[in-house]
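J.: Sequence:
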Amino acid sequence: MLPSLDEHALAQLFLDARTHNAWQDQEVSEQTLRELYDMVKMGPTSANCSPARFVFVRSTAGKDKLLPCVSSGNADKTATAPCTVIVAYDKRFYDQLPTLFPHTDARSWFTGSEAFAEQTALRNSSMQAGYLILAARAMGLDTGPMSGFDPKAVDEAFFAGTDWTVNLLINLGYGDTAGVKPRLPRLDFGDACQLA
214 MLPSLDEHAL
224 AQLFLDARTH
234 NAWQDQEVSE
244 QTLRELYDMV
254 KMGPTSANCS
264 PARFVFVRST
274 AGKDKLLPCV
284 SSGNADKTAT
294 APCTVIVAYD
304 KRFYDQLPTL
314 FPHTDARSWF
324 TGSEAFAEQT
334 ALRNSSMQAG
344 YLILAARAMG
354 LDTGPMSGFD
364 PKAVDEAFFA
374 GTDWTVNLLI
384 NLGYGDTAGV
394 KPRLPRLDFG
404 DACQLA
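When we follow my numbering, the leftmost residue of the sequence shown carries the number 214, and every step to the right adds one.
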């Protein structure tokens, strides 16, 4: 059995970590993004399907394409974030299964039902987005996940002619604590959990 993480690690990942809305003027390097992905890709997905695809929007041209797609409430924080990650999923993720899950014909599990493939891709890419948030925090980065955007506009701007489609956005960088809002309440165990 592995030991529990110490209190400082748990604080950095969960207890003290916050959603950030303001950012320091500090670049997130390509090397850092590569290291981040190398951690994220190790998180488990069903049948190792790994459907998430990540677009790291850092350039002015990239931000110019993305900003018209986000809601007005997310525009400033997205414009000033050093990086915005478009977490997408590949609707044909199963084409990679002969490589990712080679010991059986897992591809055939998904080719007969577009709805099942879509549900699997959405569920597992959402998990991978969670891994990205935790991996970023582990690396000393801050995050600001968002769902306030026009998915059709993001898909048209970034994924036209592909099988990729957006799931959510995550601003990424080194947060400015001046933009952190008071922590909101969370549900108690009795309100959110059952023992069966």
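Among the clues, some could well be false.
Unchecked claim - Computed list of lysine-lysine pairs in DSSO-like fashion (alpha-carbon distance at most 30 angstroms, straight line):
#1 K304 <-> K394
#2 K394 <-> K276
#3 K365 <-> K278
As the list claims (entries may be wrong) - If you anchor each label on the Cβ, the simulated ranges turn out as follows:
#4 R399 <-> E243: 31 to 37 angstroms
#5 S326 <-> L215: 35 to 41 angstroms
#6 M252 <-> L408: 29 to 35 angstroms
#7 R305 <-> P395: 41 to 47 angstroms
#8 A409 <-> L218: 41 to 47 angstroms
#9 G374 <-> L335: 17 to 23 angstroms
None of these hints come from the bench; they were simulated from the model. Where is the CB? At the ideal position from N, CA and C, for every residue including glycine.
J.: Confirm or reject each hint.
T.: A quick look at each hint next to the structure:
{"no.": "1", "hint": "K304 <-> K394", "in the structure": "violated, 36 angstroms"}
{"no.": "2", "hint": "K394 <-> K276", "in the structure": "holds, 25 angstroms"}
{"no.": "3", "hint": "K365 <-> K278", "in the structure": "holds, 13 angstroms"}
{"no.": "4", "hint": "R399 <-> E243: 31 to 37 angstroms", "in the structure": "holds, 35 angstroms"}
{"no.": "5", "hint": "S326 <-> L215: 35 to 41 angstroms", "in the structure": "holds, 37 angstroms"}
{"no.": "6", "hint": "M252 <-> L408: 29 to 35 angstroms", "in the structure": "holds, 33 angstroms"}
{"no.": "7", "hint": "R305 <-> P395: 41 to 47 angstroms", "in the structure": "holds, 43 angstroms"}
{"no.": "8", "hint": "A409 <-> L218: 41 to 47 angstroms", "in the structure": "violated, 28 angstroms"}
{"no.": "9", "hint": "G374 <-> L335: 17 to 23 angstroms", "in the structure": "holds, 21 angstroms"}
In this structure, the earlier hints numbered 1, 8 are contradicted, and the remaining ones agree with it.
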